[in-house]
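A.B. asks: Line by line, the protein sequences give chains G and X.
Anchor point for the first sequence: position 12 equals 12 in the UniProt record's numbering, and the numbering is continuous, going up by one each time.
Anchor point for the second sequence: position 105 equals 105 in the UniProt record's numbering, and the numbering is continuous, going up by one each time.
Some clues are possibly wrong.
SDA-like, lysine to any residue: derived pairs with alpha carbons at most 25 angstroms apart [unchecked claim]:
#1 417/G x 387/G
#2 154/G x 120/X
#3 154/X x 216/G
Note that these hints are calculated values from the structure, not bench results.
Remember, it's a predicted structure, so these values are computed and weren't measured experimentally.
Number of protein chains: 2
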Amino acid sequence: MTDVLARLVAELGDAVVTDAVALSIAQADKSGHRSASAPLALVSARSIADVQTVLRIATETGTPVVTRGAGTGLAGGAIASGGEIVLSTMAMNRVLEINEADQLAVVEPGILNGRFNEILGERGFWFAPDPASKAISTVGGNIATNAGGLLCAKYGVTRDAVLGLKVVLADGRLLDLGHRSVKGVTGLDLTALMVGSEGLLGVIVEATVRIRRAVPGVVATIASYFPSVTDAAAAAAAITAAGIQPSVMELMDSASLEAVSTLLSLPGITTGEAHLVVQTDGPAAQQEADAALAILHSLGGRASLSTDPVEGERLLAVRRSMHPAMERLGTTLIEDVSVPRTALPAMFAEIVRIEQRYGIRIPTVAHAGDGNLHPNFIFEGTEVPDMIWQAADELFATALRLGGTLTGEHGIGILKKRWLGLELGDDQLDLQRQIKRVFDPQGILNPGKVF
Amino acid sequence: MTDVLARLVAELGDAVVTDAVALSIAQADKSGHRSASAPLALVSARSIADVQTVLRIATETGTPVVTRGAGTGLAGGAIASGGEIVLSTMAMNRVLEINEADQLAVVEPGILNGRFNEILGERGFWFAPDPASKAISTVGGNIATNAGGLLCAKYGVTRDAVLGLKVVLADGRLLDLGHRSVKGVTGLDLTALMVGSEGLLGVIVEATVRIRRAVPGVVATIASYFPSVTDAAAAAAAITAAGIQPSVMELMDSASLEAVSTLLSLPGITTGEAHLVVQTDGPAAQQEADAALAILHSLGGRASLSTDPVEGERLLAVRRSMHPAMERLGTTLIEDVSVPRTALPAMFAEIVRIEQRYGIRIPTVAHAGDGNLHPNFIFEGTEVPDMIWQAADELFATALRLGGTLTGEHGIGILKKRWLGLELGDDQLDLQRQIKRVFDPQGILNPGKVF
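If we strip away everything but chain G, and leave its shape as in the complex, we get:
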């Protein structure tokens, strides 16, 4: 270990950080999970060459490497432990190219999604992947987890925005995957394979991504309240069935709304009410919003519509206050199951059943446009109690039974690895492990994660 550290310092100088605070931070992410011991060192890579050096030394010494962006993950995917090198790509944060005519940009992995969007916004462009963490999460991390967000039903997931990647392999070799053209089918699609691979296959050191021209027209926001989450879910389904394609459609159950109502001192909320917020954009935004408003009213919702940007943000603030509101209730395990849209009501009913069975509260929000739910398991203390994991286990099994998935956008990381086989089955799991070995025969990249 001393030898590894000495070699890192000899080759990388002050890019190598052994400060106790920095190492401690790398033991955790936003999931609340924390590793048992501090990693060996953190290398703050400044260049592709630095990343290659780290991986060459790691391969030669058999040292595990945990690649890490901003550490905003919710599945423990970038948490490091004793004996591991943390490879931070946060300092590689430049926008290398913005090509408006080709509608693409080339970025380093450490740039924050929000910052990248600010830079693009100045030119009338944007980057569609929009995880809730976008202000504080990196584009590299978004790609490594195939991040979702609020806009996916209309604007796709991160994978759909990635044209090409530069990746450093476990042994330090640099790969150039994908292309700058819209289309390209030369060989197997390793770019797509790399998206969402959670640090298992290589280190993303550069990305060529699609950028979009700013959507023309107004953004219309509708905030609505319904007597129950079932009513709100039915309203969301009716909007989709009417052929309306909202950019955002977010559902909050009564426990979530109650917590936010308390935090923000919202007036006029009745116990048991649920919240549905809908945004439309593009040339038909007003027309779609008017149609959505009529549906919400006809189904018994109290609803108001605004096309004023400031008022729109105010209407969205209820949904955006979910996380701070949850923090007041206790420690939170934020789950992330995804089901087909039509299974949302069934999934909400099952969550109520699980709440009752375990005597716990599970305030839940959902990206109603795409069927992705975030049930928040609330508990006391810092470690997730076994009973909560049992309840989560029932949640996962239910999502799979309803045709869904363990994780819609957060990834497997450490926290969900024990359920991986339940979704994939033995044959697929075995294939995935073999693919991992093709890229990383020594198993030094993010060991103990996912598999």
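With the hints as your guide, set chain X onto chain G.
C.D. replies: The following block gives chain X in isolation, referenced to the frame of chain G:
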């Protein structure tokens, strides 16, 4: 070999075809290329179980298997030779489910893209992947090649439309990949890896795909003519730069237009003129078309716009007549390079240079919205002459130099395998081969293709 055939017949009965005509058809595809000898047998699979039986027998006897849909490929990817089993999925052509609320459908691989769209159209839905071959190509083949088409810049490529796949592995095991939800990030994205894998990794036996609600509003079509292909390409670039997102934007150079003009006896075409056809759809279709028309006029184009569906089809007929027009000129090698949009003028200039250097004609059409070009190398006889391959070699090298790719939507198959390493490099090529071995350790799936 006799033993293999006997086993196939014993287990699959009259699904096994040894008719000389059927076997001869399987020696070729729409590329014009033909294998040297007839395959051993063709199995017309009726079910997943049939596919599993074929692969089990193939694995036990070490017999190569070439999976084949409608045989409309343009790269020789589904061509079979002596000693190989042709596994046809054409008879597995049912639509198993259409779920309007979840905006997905489950289909067998043999359904024709056009037929699938007819069925969806009756319900007000459609399937976005739109290769020019859609009337005669299968959804399974579209997925196996990650087919593109005219609408990709606006509506994505086939990969973006695939949520999940059932795949039979080389040894006959059945895998269930992906999900029915919009989002899902459980483990490595093997669904995306399978899309475009050209029969190398497994046999697609069922697909869960996104379907879209019919686009509301009119479809506006503009046919325009410019003095030169450079002028027409500049007009296409100006339309994109103005923030207009056409659904279709197709460019024909003067040689292409001249050939079609002769075929259709078009009036008023002057020698040297190039053609640009633009379609817009969606709620802003009329507005975008008006803006595009103004741009085309301002840049010196003769242009006319129609929102009448019949007139729109008439305007598109020029582009649609490209293939029959080419057939009159001689035998055609249809190439498929793709470059960033802004490199289109440079690529057209290079094609002129290659024409002059080799003394050949290369009428070229381009999907101008996404930068995908189809240069048509014209020659006499049935085999592609070496000189044509030398010219194509220059074409490929040029596309790569301009930041593009060997193939935008047709695939590698047999015809482009010798150039694969040029684009991927040795390290990536080696990784791809190793991934192939993970799925197919004996190398019985589509041997001699791609790698």
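A.B. asks: Are the hints correct? Go through all of them and say.
C.D. replies: Outcome of the hint check:
Proposed proximity of residue 417/G and residue 387/G is supported: the alpha carbons are some 18 angstroms apart, at most 25 angstroms. Among the hinted pairs, residue 154/G with residue 120/X is consistent with the structure: their alpha-carbon atoms are about 20 angstroms apart, no more than 25 angstroms. With a C-alpha separation of about 15 angstroms, the suggested pairing of residue 154/X with residue 216/G holds against the 25 angstroms cut-off.
In summary, this structure violates none of the numbered hints.
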